[in-house]
Amino acid sequence: MDGNEHTKNLFAATDLIHKKLRAQRTVKWIFGSMSVVILIPLVALTSYLIIRAWPSLTWDFITDVPKQGMRSGGIWPALIGTLYTVTFSLLVAVPVGVMAGIYLNEYARESWFTRIVNLAVVNLAGVPSIVHALFGLGAFVVFAGLGKSILSASLTLAIMTLPVIIVSTKEALFAVPVTFRMACWNLGASRWQTIRTIVLPNSIGGILTGIILQVCRAAGETAPIMFTGAVFFKFVKRGDLFPYKPTEQCMALSYHLHTISTQVPGVPESMLYATAVVLLGFVLAFNAIAIVLRTRIRNRKKW
Amino acid sequence: MKPKAGNIEIKNLTIRYGNKIALDDISISIPSTGIFAIIGPANSGKTTLLKSINRTIELEPGVSVKGQIFIDGQNTKRIRDVYGLRRKIGMVFPLPVGLPLSIYDNVAYAPRIAGKHSKRDLDEIVERSLRQAALWDEVKDRLKSLGTMLSGGQQQRLTIARALSHEPEILCLDEFSIAVDPVTTMRIEDVLIELKKKMTIILVTNLVQQARRLGDLTCFLNIGKLVQVDETEKIFSDDPGNQLTYDYVHGVFG
Numbered sequence: 001m002d003g004n005e006h007t008k009n010l011f012a013a014t015d016l017i018h019k020k021l022r023a024q025r026t027v028k029w030i031f032g033s034m035s036v037v038i039l040i041p042l043v044a045l046t047s048y049l050i051i052r053a054w055p056s057l058t059w060d061f062i063t064d065v066p067k068q069g070m071r072s073g074g075i076w077p078a079l080i081g082t083l084y085t086v087t088f089s090l091l092v093a094v095p096v097g098v099m100a101g102i103y104l105n106e107y108a109r110e111s112w113f114t115r116i117v118n119l120a121v122v123n124l125a126g127v128p129s130i131v132h133a134l135f136g137l138g139a140f141v142v143f144a145g146l147g148k149s150i151l152s153a154s155l156t157l158a159i160m161t162l163p164v165i166i167v168s169t170k171e172a173l174f175a176v177p178v179t180f181r182m183a184c185w186n187l188g189a190s191r192w193q194t195i196r197t198i199v200l201p202n203s204i205g206g207i208l209t210g211i212i213l214q215v216c217r218a219a220g221e222t223a224p225i226m227f228t229g230a231v232f233f234k235f236v237k238r239g240d241l242f243p244y245k246p247t248e249q250c251m252a253l254s255y256h257l258h259t260i261s262t263q264v265p266g267v268p269e270s271m272l273y274a275t276a277v278v279l280l281g282f283v284l285a286f287n288a289i290a291i292v293l294r295t296r297i298r299n300r301k302k303w
Numbered sequence: 001m002k003p004k005a006g007n008i009e010i011k012n013l014t015i016r017y018g019n020k021i022a023l024d025d026i027s028i029s030i031p032s033t034g035i036f037a038i039i040g041p042a043n044s045g046k047t048t049l050l051k052s053i054n055r056t057i058e059l060e061p062g063v064s065v066k067g068q069i070f071i072d073g074q075n076t077k078r079i080r081d082v083y084g085l086r087r088k089i090g091m092v093f094p095l096p097v098g099l100p101l102s103i104y105d106n107v108a109y110a111p112r113i114a115g116k117h118s119k120r121d122l123d124e125i126v127e128r129s130l131r132q133a134a135l136w137d138e139v140k141d142r143l144k145s146l147g148t149m150l151s152g153g154q155q156q157r158l159t160i161a162r163a164l165s166h167e168p169e170i171l172c173l174d175e176f177s178i179a180v181d182p183v184t185t186m187r188i189e190d191v192l193i194e195l196k197k198k199m200t201i202i203l204v205t206n207l208v209q210q211a212r213r214l215g216d217l218t219c220f221l222n223i224g225k226l227v228q229v230d231e232t233e234k235i236f237s238d239d240p241g242n243q244l245t246y247d248y249v250h251g252v253f254g
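Going down the list, the protein sequences come from chains A and B.
The first sequence lines up with residues 1 to 303 when you count with the working numbering.
The second sequence lines up with residues 1 to 254 when you count with the working numbering.
One chain only, chain B, in its complex shape:
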């Protein structure tokens, strides 16, 4: 069987904002199977790591990036079609940002800017993405109303639908459950378990229990440094092999 696309190889990645080091010589290998959970206290560089994968980090002022990231063996720095790269990667951020467009147009945004205009294709994409994000049943009768008028939890699922609209190989979620109620969180978690068959999922989370529930592998970052990457079971076991990991996971600090 052909290996699934979407494995990521991060090599010696160092990122600075001015003089402040956000990520310090990180090397991680993220396989294309399963959910890769990233945990760590605030300011540990989790979001920066996600942004460097789709190269939106370059849009921030005063950033310097050293090291390489390979996606399916291809050095992302050398990729000339950066927009194509970003379409390969779905991004979901902590606070949902519904674009000031209708629900339909929100989801159809990425396909449209990629040049898809056929009404039939778009209808299909919108329905598929909204179904995948567990939002279809709630909004199917009002696709023309504004995406920004949805509730917080619905908007977060809308951003997930939007991230799925361009059929990414990699889906990155950055603390998606902050603005979402527990029931919706559970529904989205079910969705992720379903989606991991099709794409690589990177899940940044503040809730260590969420990482424990979902992660196949878990990675622990602290103040820009990689502390440990291992099987989730090992990380959460009584002997993860690293005192810092043990302390964080068991709530001693952070």
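Bound-form chain A, shown alone:
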């Protein structure tokens, strides 16, 4: 009887345990509601945009060219223009950024030089896009003599996206345990062999995440392309996939949205919203590709 009583007391919930459980429930509830809260503006925003855009949102709107001084027709030249600038900027920023990130994390030893480079990268990531725009205007349009063109705009976007690509590459590489590298080095692998066979395959997901974020930024920013390559209107054939040369100026979705909402009077409201929806869809499509890639790689995660 006595022993029974003793065990009962031993496992009975004390005040401390009640308090602990209460705290646990509260914390879980608060954190959980926060993750729901972030969904609300997202859902509200997209549904509002789609509802307002609905009357103009047709297949024709995407594939047609602007008509009657932008007041009707579609946005094909702007969509293709954005595709061009984003793709070209990625072609430059991804190899440079990833290689620099690999160097900084895998090869560079701690020194005043690497400290300055790291500091520069972090600071560059915080520079406002309009400053990048002015830099692009001076460096590419004027100094390099590229003129206002897709090239200048893409290079400006590349400069803008580089820092984050470098930082996220570094972080992704840093997450791969040092013990893996040690094991490879002890087996007689060179640094590069180690990076190629073990480090990169296990960090590619994180690197892709950084790149995705920068695709969205490159597609959405207006300022950097405004001075360097975006144009108010350009005549393009309907559905033409290769309407621009790299040395020409082009239309772009973000800039097009800016002009039709501020510079052109009498544009139907639904067209403004529809342009925004297409821009959003463009970014989502790019994201989707990268997310699919990433999950396929993640499924092969190995430790």
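Keep in mind that the hints were calculated from the coordinates and are not lab data.
Misleading hints may appear alongside valid ones.
Covered stretches of chain B, as calculated for chain A (at least 3 residues, CB under 8 Å) [to be verified]:
1) 30-40
2) 56-67
3) 109-122
Beyond 12 Å from chain B on every Cβ pair, some chain A residues (computed) [stated by the list, open to error]:
4) THR14
5) VAL43
6) ASP64
7) VAL131
8) VAL176
9) MET182
10) GLY188
11) GLN193
12) ARG196
13) ILE198
14) ARG238
15) LEU284
Beta carbons: idealized from backbone N, C-alpha and C, even for Gly.
Model the placement of chain B on the given structure of chain A, informed by the hints.
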């Protein structure tokens, strides 16, 4: 008979991490026959000694190395193909690190980076190494599954198989039995006794009894200093000729 390759001559080796001295003017001669056991309390520089043999010590930040190490008469500092040097030496560390690859690819890693790609050669190497490490029977049906999913003891044997895959002349084991159960430890010890006919084995261990069981020669390091190198029997006898050795071996300190 030609002397077996893999003898090591360490001369006046001093290693510093920043201001901290890890090894203080060590000179040891490790013959190519038998098992060379290294004992000593924590922080005595045992691991540092192993790392300096295959020159991975150079990869640590802020390290300064003085003195020379000769392997088969060749100064390791002058060897230009450092990767070739590392392939001559198999390394096994306390905590097993299975690379995030399949069991097969783990063992085939070193031969592959050394340029061997023929499927037949690799199959042969993988089977031989896994057999030598007493792991073959447990994994032969699932060579394609992940090496990182094996149990701790199996992973440690996998790292031993990996260290043997490039047919090293020297095998260094650093407290291999920490993450391994006693039965597996015994099996690996049997493996080592078999392997010592073919290669020099350097065994760093915290278990003095393991050194006593396996070592032909035993070396005692304390706080970066070489205290004594001698026949294992002498070290563990009632009169090793050195009070510090006697105290450590008999558990007075450490």
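Consistency of the hints with the structure:
Given a C-beta distance limit of less than 8 Å, the hint that chain A covers the stretch 30-40 of chain B is violated, as 0 residues qualify and 3 are needed. Using a Cβ-Cβ cut-off of 8 Å, 3 residues of the stretch 56-67 of chain B lie near chain A, which meets the minimum of three, so the contact claim holds. By the rule of at least three residues with a Cβ nearer than 8 Å to a Cβ of chain A, the coverage given for the stretch 109-122 of chain B holds, with 4 such residues. Listed as outside the interface, A:THR14 is consistent with that label: its C-beta sits roughly 37 Å from the nearest C-beta of chain B, beyond the 12 Å cut-off.
Residue placement check: A:VAL43 keeps its beta carbon more than 12 Å from all beta carbons of chain B (closest about 38 Å). With a cut of 12 Å on Cβ distances, A:ASP64 stays outside the contact zone with chain B, its closest approach being about 50 Å. The beta carbon of A:VAL131 sits about 36 Å from the closest Cβ of chain B, which is more than 12 Å, so the claim that it is off the interface holds. Separation of A:VAL176 from chain B is inadequate, the least Cβ-Cβ distance of about 9 Å not exceeding the 12 Å criterion.
Not every Cβ of chain B is farther than 12 Å from the Cβ of A:MET182; the closest lies at roughly 7 Å, contradicting the non-interface assignment. Not every CB of chain B is more than 12 Å from the CB of A:GLY188 (nearest about 4 Å), against its label as outside the interface. With a minimum CB-CB distance of about 5 Å to chain B, A:GLN193 fails to clear the 12 Å threshold, and the non-interface call is violated. At roughly 9 Å, the least C-beta separation between A:ARG196 and chain B is not larger than 12 Å, which violates its mark as non-interface.
Distance check for A:ILE198 against chain B: the nearest CB is about 6 Å away, which does not clear 12 Å, and the non-interface claim fails. Every Cβ of chain B is farther than 12 Å from the Cβ of A:ARG238; the closest lies at roughly 50 Å, confirming the non-interface assignment. Residue-level check passed: A:LEU284 sits 32 Å from the nearest beta carbon of chain B, beyond 12 Å.
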